[in-house]
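Protein chains in written order, with the working numbering: chain A, 1240 to 1372; chain B, 1240 to 1372; chain C, 1240 to 1372; chain D, 1240 to 1372; chain E, 1240 to 1372; chain F, 1240 to 1372.
It is possible that part of the hints are untrue.
[Stated by the list, open to error] Ranges between beta-carbon positions, derived for each pair:
1) C:1346 / A:1321: 45 to 55 Å
2) E:1368 / D:1319: 23 to 33 Å
3) A:1353 / E:1286: 39 to 49 Å
4) A:1325 / F:1282: 53 to 63 Å
5) E:1368 / C:1350: 49 to 59 Å
6) B:1357 / F:1370: 24 to 34 Å
7) A:1348 / D:1364: 52 to 62 Å
Read the hints as simulated data drawn from the structure, not as lab findings.
Here the structure is a predicted model, which is why all the values come from computation and not from measurement.
All C-beta atoms, glycine included, are put in the ideal place defined by N, C-alpha and C.
What follows is the residue order along each chain.
There are 6 protein chains.
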Amino acid sequence: MISRLLAPKTTVHAHCDLPCGVYDPAQARIEAQSVKACMEKYAASSDHDFQARAVAIKEERSTLVKEHLWVLWTDYFKAPHFEKYPQLNTLFNEATKLAGAGGTKGSNDVAVADQLLTKIDEIAEIFWETKKA
Amino acid sequence: MISRLLAPKTTVHAHCDLPCGVYDPAQARIEAQSVKACMEKYAASSDHDFQARAVAIKEERSTLVKEHLWVLWTDYFKAPHFEKYPQLNTLFNEATKLAGAGGTKGSNDVAVADQLLTKIDEIAEIFWETKKA
Amino acid sequence: MISRLLAPKTTVHAHCDLPCGVYDPAQARIEAQSVKACMEKYAASSDHDFQARAVAIKEERSTLVKEHLWVLWTDYFKAPHFEKYPQLNTLFNEATKLAGAGGTKGSNDVAVADQLLTKIDEIAEIFWETKKA
Amino acid sequence: MISRLLAPKTTVHAHCDLPCGVYDPAQARIEAQSVKACMEKYAASSDHDFQARAVAIKEERSTLVKEHLWVLWTDYFKAPHFEKYPQLNTLFNEATKLAGAGGTKGSNDVAVADQLLTKIDEIAEIFWETKKA
Amino acid sequence: MISRLLAPKTTVHAHCDLPCGVYDPAQARIEAQSVKACMEKYAASSDHDFQARAVAIKEERSTLVKEHLWVLWTDYFKAPHFEKYPQLNTLFNEATKLAGAGGTKGSNDVAVADQLLTKIDEIAEIFWETKKA
Amino acid sequence: MISRLLAPKTTVHAHCDLPCGVYDPAQARIEAQSVKACMEKYAASSDHDFQARAVAIKEERSTLVKEHLWVLWTDYFKAPHFEKYPQLNTLFNEATKLAGAGGTKGSNDVAVADQLLTKIDEIAEIFWETKKA
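With these hints in hand, go ahead and build the complete structure from the sequences.
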């Protein structure tokens, strides 16, 4: 959790297209944590209806992960960021794919959620570096 | 920001009605920060269309504040919490009112957003105390 | 307009955060009736896909129950109401919990839906008393 | 339960596409009442931001009127109903148009909201006749 | 696909209640194609969770089909159209029913999706005729 | 409209995260057309409330443009596409920015909508090339 340690303690940031200028990768991470928790609860249950709910809610929360990441990619990051961090585009594309059909939507494997969380942390680390710059 | 200092550094939490067990008052705070930023941008602008967008987006973000707070109130807090913190119900009722028509929806006054942020911080402080318990 | 003539004159109320001043507990009750009906249809079916749809739609309708109740609690009821009806906070908290994970979302038991309906009726009774006051 | 005792026994109905079989024109009427109230509050105000909010919320509530009516038209009413009430299609088409750009969305005239309410009442009357049949 | 052949090649049309005047039956057709694809993937799979996701996503996409069709019926088509094409009301009512509980929501049978697509094509053909008129 | 001429005549494509495999840049283009139409109607009107509605609906439709483009970028395009078309990432980032605060949301200038439409057409041309491959 290097990115969190580097971050200012009091910031909690988000977005809107005014733009309000408030962004925070924590929003994506929170939903990804929820995705992972749904997988864990799915695995721990043998109640079919509960498992169906876990899959459905995981789908919904994965969508929110994608939304929050897309907003950061389009609305927060600017041309100079992409020059300085040439891996940014691929990072975002892979992270959002990891929250989609080939990732946490299509899988109940906690390892996939962990990969997603790791990608979000990589994005967060760059994000907080740019905020300090 | 006492509540943030007291909080574990790495946690970023949310919710769903599985329940996934992931909650974090930061979600409400992020949106409230956005509400405040919309008010500031509204005040700094003289472009009528921009101001209309600021008001509309502030409305939307205020609704999200209410949503996140309602979820905490209903889904995270249990009977023993309400016994230990008898002010909780009123705190949540006032906080959500502060994000409504008589609060940040009906006003462009940054002081109202600050009152909302203060209420959220009071809630957050109790929240993190209960997480440590 | 026979149906309307039979109905109490003050009915059909809702809300918005203008606020428009139009509220009616019927909105929550309608969705709760739908929740109960989904449970009954779930029980009467042996088609797995149909049952999955019933669970998913029940989830969605339970969320709507919560939404309508939260709006009443925050937007309609004011400080004097909470003084006069000290049970209001607990009533709303329990009712919304009954439409959540520990209630109609997590259960297919019609008795749980009935408990939810009873709570909504208790809220409605207080609501209509305050409207007459 | 005084309020419920006064109400017709068969009321509080809604829908979902399970289908749950719960329908009630009151849902559309409630939103239309809200539309009308927004117009009245718009007219009574001279605060530009408040008026903008009234227009925006009226837009949203008008959309909900359309939604509820469309659901009744498609999901509740069946071929025999359309045979018995040949005016039904036109009634629904006109009612939904009255909640659109040429109706309550494009106008702040309370008379337009009243026309919409009248159409909804005509639909409700037929609806309740079919429920008794 | 007669309707597509008759249509201007470059038009891609939609709607909003401004109204923007941009409509295109392609929006409903795209979602109906997705509904059909979900059914095909459902049939080709034996993974229970995947099938549950297919059913849930099919439900969502079917709802979008209904939405797009309702908008065309209410917002694009006017009284003269209904006079010239007396089958229009029934066509829309049947098409939206085909995307509901008795249609693609309640069934995994690709033949039902094909019936829906055929209805949409019939609507599209009339739509493009009226655009040329 | 080279991309449309190159495209198979009968395809109308969309998406979902099953994935259903149905994609079509037309969805983004339709909403962008609507955005442009809102600007034109805004310019042609002197009714303040109508203009406010135009701005609000333009905001909503711009969001839909972003959504449809993000889905294509994450869900349709794969690693080999990004290798073959190295401009893809920038193209999508610029297109979605053009539908945001610095683009069609923040501006009423039809030229901005035209730039957005041009970007979407560039994306569509690549999309259809990859479909033929």
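**Study point:** Distance restraint hint 45 to 55 Å, applied to the beta-carbon atoms of residue 1346 (chain C) and residue 1321 (chain A)
**Key:** Once the Cβ atoms are compared, 50 Å apart, the range 45 to 55 Å for residue 1321 (chain A) and residue 1346 (chain C) holds.
Point to revise | Verdict for residue 1368 (chain E), residue 1319 (chain D) (Cβ pair) under range 23 to 33 Å | key: For residue 1319 (chain D) against residue 1368 (chain E), whose Cβ atoms are near 31 Å apart, the range 23 to 33 Å holds.
**Study point:** Supplied distance hint 49 to 59 Å, evaluated on CB atoms of residue 1368 (chain E) and residue 1350 (chain C)
**Key:** Holds - the Cβ-Cβ distance for residue 1368 (chain E) and residue 1350 (chain C), about 56 Å, lies within 49 to 59 Å.
Check your understanding: Between residue 1348 (chain A) and residue 1364 (chain D), does the C-beta distance stay in 52 to 62 Å?
Key -> holds, 56 Å
Exercise for review: Could you see if the CB distance from residue 1353 (chain A) to residue 1286 (chain E) stays within 39 to 49 Å?
Suggested key: The hint (39 to 49 Å, Cβ to Cβ) is violated, given that residue 1353 (chain A) and residue 1286 (chain E) are roughly 22 Å apart.
Practice item. Hint says 53 to 63 Å; check whether the CB-CB distance for residue 1325 (chain A) and residue 1282 (chain F) agrees. Key: violated, 41 Å
Point to revise | Consistency of beta-carbon spacing, residue 1370 (chain F) to residue 1357 (chain B), with hint 24 to 34 Å | key: violated, 55 Å
The structure fails hints 3, 4 and 6 (numbered hints given earlier, in ascending order).
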